[in-house]
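Using the hints provided, position chains B and C with the ligands relative to the given structure of chain A.
Chains as they are written, first to last, in this note's numbering: chain A, 73 to 251; chain B, 5 to 435; chain C, 364 to 682.
Worth flagging that the hints you see were computed from the coordinates, not collected in a lab. Because the structure is a prediction, the values reported are computed rather than measured. Where hints are given, some of them may not hold.
[Said to hold, decoys possible] Restricting the straight-line Cα-Cα distance to at most 30 Å, the calculated cross-link-like pairs of lysine-lysine (BS3-like) are:
1. K311(B) to K599(C)
2. K570(C) to K560(C)
3. K599(C) to K570(C)
4. K311(B) to K402(C)
5. K466(C) to K682(C)
6. K570(C) to K395(C)
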Amino acid sequence: MTGTSENVVVEDDHGRPPENPVLRLADAACMVGAGAVLLAMMLMTFIDVAGRYFFKAPLGFAYEMTQVAMATVVFLALPSVSVRGLHVTTGLFENSFRGIGRVLRDGVIALAMAVCCFYITVRLARLAGRFDSFGEVTSVLRFPVGYVAWLGVGAFALSGVMILAAFIAEVRRETGAKT
Amino acid sequence: MTATLTGFGALFALLFAGMPLAFAMAIIGFVGFALTVGFNPAGAMSAQIVWDNLSSYSLSVLPLFVLMGNLINHAGLSADLYNASNALIGHRKGGLAMATILASGGFAAVSGSSLATAATMSSIALPSMRRYRYHDSLSSATVAAGGTLGILIPPSVIMVIYGTMTETSIAKLFMAGIIPGILGVLFYLAAVRYVVWRRPEAGPAAERMPWAERLQHLRQVWAIALLFLIVMGGIYIGMFTATEAAGIGATGAFVIALFKGGLSVRVLFKILANTARTTAMLMAVLLGALIFANFINVSGMPSAVVKAINGLELSPYGVIFALIAFYIVLGSVFDELAMILLTIPLFFPLVMGLGFDPIWFGIVIVMVVEIGLICPPIGMNLFIIRATLRDVPLTTIFRGIVPFVIVDVLRLALIVFVPWLVLALPSQMTH
Amino acid sequence: DAQTTLRMNNWLPPGHLQLNNIILPWAAEVEKITEGRVKIELTDASLGAPPRQYDLAVDGIADLTVGVLGYTPGRFNLAGIAELPFVGETAEELSVALWRTHKEFFEKADEYQGVVLLGIYANGTGHIMTGEAAGPITDIDKYQGKKFRVGGGLVQQVNTLLGGVNIAVPAGETYEVLSQGIADGTLLPYEAVPSFKLEPLIKHSVKVPGGFYSSVWFVAANPDAFARLSPEDQEKVMSVSGEHLARLAGEAQDKADLESKAKMEAAGTQFLEADDAFVAAIKERLASMEESWVETAGKLSVDGKAALEFFRAQVAEMK
Ligand code: NA
Ligand code: NA
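Pulled out of the complex, with its shape left as it was, chain A reads as follows (with noise of 0.2 Å):
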């Protein structure tokens, strides 16, 4: 690692992309619409600002745009990090654990995350549902406010998928590693 042009945050946090073809599609055209979603947030601020100084016209449509990239964004990067492995665990025990106890360990972690995420998509999809039913809109652009909430849907299933494949890649990889 040099450390002078590559970024060391930028290498060591991504992580291992998933081995399954279709997840590792999913996984970058989610991380392509999350980076393009955060480019467009950001020159987005730049020119509400700027037009308000220097055109006396801001956007208007500036701030809830913002709260609509800012969930989007998430709701596209969880995925990935699910996948990954990169939720933060404050590293106490988890080396105590070794061989067939720390398959099984992972094993029950990965499967209540799982659960975790379904539930909350099952959740999350009544909240999107009711948004429609109300037909709730962003106040200036009058965007419908259930697109996003039904992306988050999607978003927390696929998480949900992907942690469970992350758990199978290891225990791939384990009893690979074995014979």
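Same frame as chain A, but now just chains B and C with the ligands:
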């Protein structure tokens, strides 16, 4: 009270078993809320926490400031910062270590995270300190301590989270961090000087550079200084809000990276993707903590704790000292982000009830977290160094950090007794 | 008799008018009229963001909630009648007229699904408030291009139609955007000014006679929680809600408006009233709002024109 204590116990058990923070807090929060209020409401509450906080305007400063730091780092400016500091004072005894502190302070001015600051500096500064035969205990401690400045010198992820949870102005918190941050740099420089005074062989001097070369190195860092000036100056004089400042800062860093770093589409994508992932990691932890906080809220624990502490009849400062001691103990074994998220709902109302300033308390909390980051046995920054210097035993790193923890405690005491140091800048903003 | 405790979510800052002068007195009345059988307990901290208050009641996360209908644009349309320009000035007349019109025209449209609606009430009318630099807005030309910090709901539309620019930041940031000149002014009822400590920043306040805009609050109960009360107690709770609550809230807000106006006066705010030409210009530019509200009401099978006539008659009766 028993329900809450059981909840905390179960939470620690899950964390120790290795379950990610976000999920452990969400699960315990959900179960606790379900037992107190009902299963269906608990589910609806969890979904709403997810929705409300992800579509939050003020939290959008997180990805934007993380992006700014990543872009600056890509442009190679973090290395430039180190080279410039080095040109300035590298030739003195302990000079490379002091340069590391200065460069950390500089990088902290564009990065919101202590871990990012420590990780960046460890890859840049550790190799050159090794080259000059610095003792590992000094070089590792310098990088770990310098890294903590990342959350005190604005921008700061921890301040954003504190501001969001307590509805305190993020812009004012940023301003409040500047003087304590500069003090932090000075105190760490003093700690380095102390170490090399006691053991000169721990930090030998490097060659002195000719002035022409020094000036050339210094000229490399004007862009970073200008960016900090625009972003924080803009907040200070009221050109824009914290969120807008983050957007401006990231755009500025983007332009710098384009011109200086030869930003290719592939690298830009990598930076954006990593920023998005870092944001999602932070937000997941925040969501879990908020679900847990809602369980604490309906459990009646906050009123009970306030009652219990009032029952002790401590003076207001007595309460503050008790809290600081509690935080330092907790911080030495616990993750800093989780610590803040779990305790703020409990302690913030109490401290406000005693008449303390929310901005001041926020800075005190950030400084306590800083200590937690380098305080053994569990200090995240120490682990980052350990990941870079795999041949150095943790005990060596622990030994080196002691002087830095001591100056941190002194600085904290100064801030507690002289609140003006914190409030001078933000109080100027409103008039 | 067994006592039933209802958990009411509290998201308002301590000392807020809505809390101290409306919700707590109403809760005390509930407790009194049910002879202590129904007790209302506020949460230590909010269980959800301001726009989610209605959903908190639907899902039973809290038993009772209070919130602002305009925080969820597009969701509730009929009560927007009280937010329209030139329908009334004081909080009391707007609130009572709103409840009566709700009972007479809106209830059958069944907009408030999933909760037991205990009350809806309106703020007193908002005013055109500006700082030193912008000067008083006394005609429509001066309004053009001015940047106003606005809250949620119809006020954003009002401002845009009049030629202003919306600065939509959270209420807590109003001081910041005004003191920093990001906004030239704000559209608010008097009552909200001291709660955000804006008195020193507001130099001019222009009143639009007949009413400028308002925003509507609701109080809702979770149906299961409400069903825990005996039918007799349910009736008693309703007797201090509805129009009774509208009047209580209206009076409290009107009183607070006057107190706040006095504070602003003491801090040096200049009070003006829009002249006929300005009023005519505002009427012309905002006429479409009433039309579009009538149209929306029509889609919900409500005779909007008749409702407006009824609403105005109620306001006139209370003058
Ligand atoms: Na920083
Ligand atoms: Na620690």
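Going down the list of hints, with the structure as the test:
1. For the hint pairing K311(B) with K599(C), the CA-to-CA distance comes to about 35 Å; that exceeds 30 Å, so the pair is violated.
2. About 20 Å separates the Cα atoms of K570(C) and K560(C), which keeps this hinted pair within 30 Å; it holds.
3. The straight-line distance between the Cα atoms of K599(C) and K570(C) is roughly 39 Å, outside the 30 Å bound, and the hint therefore fails.
4. For the proposed pair K311(B) and K402(C), the alpha carbon gap of about 22 Å is at most 30 Å, so the pair holds.
5. This hinted pair checks out: K466(C) and K682(C) have alpha carbons roughly 21 Å apart, not beyond 30 Å.
6. Between K570(C) and K395(C), the direct Cα distance comes to roughly 39 Å. Violation of the 30 Å bound is thereby established for this hinted pair.
When the structure is compared with the earlier hints, violations turn up for hints 1, 3 and 6 and for no others.
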